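Same order as they appear, the protein sequences are chains Z and U. Note that the first sequence covers residues 1 to 204 in this note's numbering. Note that the second sequence covers residues 1 to 204 in this note's numbering.
Don't take each hint at face value.
Remember, identical chains collapse to one label, so a pair may be satisfied in a single copy or spanning two.
[Stated by the list, open to error] In silico DSBU-like links for lysine-lysine, alpha-carbon gap of 35 Å or less:
{"no.": "1", "residue 1": "Lys34", "residue 2": "Lys83"}
{"no.": "2", "residue 1": "Lys155", "residue 2": "Lys26"}
{"no.": "3", "residue 1": "Lys135", "residue 2": "Lys26"}
{"no.": "4", "residue 1": "Lys26", "residue 2": "Lys170"}
{"no.": "5", "residue 1": "Lys75", "residue 2": "Lys34"}
{"no.": "6", "residue 1": "Lys129", "residue 2": "Lys84"}
{"no.": "7", "residue 1": "Lys34", "residue 2": "Lys155"}
{"no.": "8", "residue 1": "Lys81", "residue 2": "Lys4"}
{"no.": "9", "residue 1": "Lys155", "residue 2": "Lys84"}
{"no.": "10", "residue 1": "Lys155", "residue 2": "Lys67"}
{"no.": "11", "residue 1": "Lys34", "residue 2": "Lys4"}
{"no.": "12", "residue 1": "Lys34", "residue 2": "Lys141"}
{"no.": "13", "residue 1": "Lys8", "residue 2": "Lys81"}
{"no.": "14", "residue 1": "Lys67", "residue 2": "Lys120"}
{"no.": "15", "residue 1": "Lys84", "residue 2": "Lys49"}
{"no.": "16", "residue 1": "Lys4", "residue 2": "Lys120"}
{"no.": "17", "residue 1": "Lys34", "residue 2": "Lys49"}
What the hints contain is simulated information worked out from the structure, not anything from laboratory work. It should be emphasised that the depicted structure is a prediction, and the values quoted were computed from it without experimental measurement.
There are 2 protein chains.
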Amino acid sequence: MNNKISEKVINRLTLYHCILSDYINKGIEVISSKQIANLLHIDDSQVRKDINLLNNSGKSRVGYIVKELKVSIEKTLGFKKTKKAFIIGAGNLGSALANYGNFTDYGLNILALFDNDSAKIGKLVNNLKIQEVSKLPQAAKEEDVDIAILTVPGKFAQSTADFLVNANIKYIWNFTPVVLSVPEDVQVWNENLMGNFLQFTYNI
Amino acid sequence: MNNKISEKVINRLTLYHCILSDYINKGIEVISSKQIANLLHIDDSQVRKDINLLNNSGKSRVGYIVKELKVSIEKTLGFKKTKKAFIIGAGNLGSALANYGNFTDYGLNILALFDNDSAKIGKLVNNLKIQEVSKLPQAAKEEDVDIAILTVPGKFAQSTADFLVNANIKYIWNFTPVVLSVPEDVQVWNENLMGNFLQFTYNI
Numbered sequence: 001m002n003n004k005i006s007e008k009v010i011n012r013l014t015l016y017h018c019i020l021s022d023y024i025n026k027g028i029e030v031i032s033s034k035q036i037a038n039l040l041h042i043d044d045s046q047v048r049k050d051i052n053l054l055n056n057s058g059k060s061r062v063g064y065i066v067k068e069l070k071v072s073i074e075k076t077l078g079f080k081k082t083k084k085a086f087i088i089g090a091g092n093l094g095s096a097l098a099n100y101g102n103f104t105d106y107g108l109n110i111l112a113l114f115d116n117d118s119a120k121i122g123k124l125v126n127n128l129k130i131q132e133v134s135k136l137p138q139a140a141k142e143e144d145v146d147i148a149i150l151t152v153p154g155k156f157a158q159s160t161a162d163f164l165v166n167a168n169i170k171y172i173w174n175f176t177p178v179v180l181s182v183p184e185d186v187q188v189w190n191e192n193l194m195g196n197f198l199q200f201t202y203n204i
Numbered sequence: 001m002n003n004k005i006s007e008k009v010i011n012r013l014t015l016y017h018c019i020l021s022d023y024i025n026k027g028i029e030v031i032s033s034k035q036i037a038n039l040l041h042i043d044d045s046q047v048r049k050d051i052n053l054l055n056n057s058g059k060s061r062v063g064y065i066v067k068e069l070k071v072s073i074e075k076t077l078g079f080k081k082t083k084k085a086f087i088i089g090a091g092n093l094g095s096a097l098a099n100y101g102n103f104t105d106y107g108l109n110i111l112a113l114f115d116n117d118s119a120k121i122g123k124l125v126n127n128l129k130i131q132e133v134s135k136l137p138q139a140a141k142e143e144d145v146d147i148a149i150l151t152v153p154g155k156f157a158q159s160t161a162d163f164l165v166n167a168n169i170k171y172i173w174n175f176t177p178v179v180l181s182v183p184e185d186v187q188v189w190n191e192n193l194m195g196n197f198l199q200f201t202y203n204i
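Produce the entire structure from the sequences given, and follow the hints as far as they go.
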């Protein structure tokens, strides 16, 4: 695995992977950089440059072999290395993520949801049990989980993050609109929806 | 408005803005670049560099004046320019976004949700009415909406995108795990959750 692939390239490779999955479903065997570029409204030289970073040998005269390119991306991005995670907050957003189609294809294995609302405890979301949040530390230990997907309401975000840090969670995928204060050895990925919206609409 | 601010900077400025809102709620009047940097686990020289891009005059001997810095970010990123949008797909994800705390503070005004499930039509989510999706083209025209937030299941993503394009939608914020094929004059922002997860966990 090449640790030097930039975040932007990882992001684009994942989108290429979506396109390739779709081509496979449609029974199409070959794809050109131009076809990928057109779908993403980017330059095809960019696509070729990204694909050159992979150990991809599946190139024919007319384009890339869809199945081989897909496997090359999976190998490079480590899709096959399964990472276990818990969702904290079984509201709409947590439920949506638990149901989000193809996480497992990408190595994300969500084991359970946690909430503090007794009305939700024991219910199933996409076959995953909603558990009482107080049981999280023990479950994290037993199942060796150090990734948490945080989908609680903003006002509970920091206190829940403190609780997760105490439970030895080391990676927090933060879907709340709050910047969390955590120790140096805990990593937070801010799913900064507002920032994304502002980027998207900046030139409107 | 400076059109040359990069996407990464916009993203970080939005996170600084979250921190500043939190400081205002706590009644704290001054913040240092070091405090912002520590919360985001980044370098404080980066924070100072980003803030230097703003027309921010609110600097005291001990740091930035929280309220003034917040306003500077809002002015630079155009928060005050309200952008109207519809949510397409009133499932868990669409409902979560309709409820997502502070979109309006950032200029995103969600007017309605649309769905094709008759059981949902007429219900309210965060005071927004769920409407029959066939009514979207007329509503988009009447209310001058050209931004759609797409939260339908993946298998309906492309057909719904085609429908939106026909309804003269020009910006699609795509939360589905599908790369959409749209004409050149339509912009798609892929909320590429899998790509984000892979970036976040790449070095685990």
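Here is what the structure says about each hint:
{"no.": "1", "hint": "Lys34 x Lys83", "verdict": "both (33 Å within a copy, 33 Å between copies)"}
{"no.": "2", "hint": "Lys155 x Lys26", "verdict": "between (45 Å within a copy, 13 Å between copies)"}
{"no.": "3", "hint": "Lys135 x Lys26", "verdict": "between (44 Å within a copy, 31 Å between copies)"}
{"no.": "4", "hint": "Lys26 x Lys170", "verdict": "between (40 Å within a copy, 27 Å between copies)"}
{"no.": "5", "hint": "Lys75 x Lys34", "verdict": "within (23 Å within a copy, 39 Å between copies)"}
{"no.": "6", "hint": "Lys129 x Lys84", "verdict": "within (15 Å within a copy, 37 Å between copies)"}
{"no.": "7", "hint": "Lys34 x Lys155", "verdict": "between (46 Å within a copy, 24 Å between copies)"}
{"no.": "8", "hint": "Lys81 x Lys4", "verdict": "within (18 Å within a copy, 38 Å between copies)"}
{"no.": "9", "hint": "Lys155 x Lys84", "verdict": "both (26 Å within a copy, 26 Å between copies)"}
{"no.": "10", "hint": "Lys155 x Lys67", "verdict": "between (45 Å within a copy, 21 Å between copies)"}
{"no.": "11", "hint": "Lys34 x Lys4", "verdict": "both (25 Å within a copy, 27 Å between copies)"}
{"no.": "12", "hint": "Lys34 x Lys141", "verdict": "between (48 Å within a copy, 34 Å between copies)"}
{"no.": "13", "hint": "Lys8 x Lys81", "verdict": "both (21 Å within a copy, 28 Å between copies)"}
{"no.": "14", "hint": "Lys67 x Lys120", "verdict": "neither (42 Å within a copy, 40 Å between copies)"}
{"no.": "15", "hint": "Lys84 x Lys49", "verdict": "within (32 Å within a copy, 37 Å between copies)"}
{"no.": "16", "hint": "Lys4 x Lys120", "verdict": "neither (43 Å within a copy, 47 Å between copies)"}
{"no.": "17", "hint": "Lys34 x Lys49", "verdict": "within (12 Å within a copy, 37 Å between copies)"}
The structure fails to meet hints 14, 16 from the earlier list, while all remaining hints are met.
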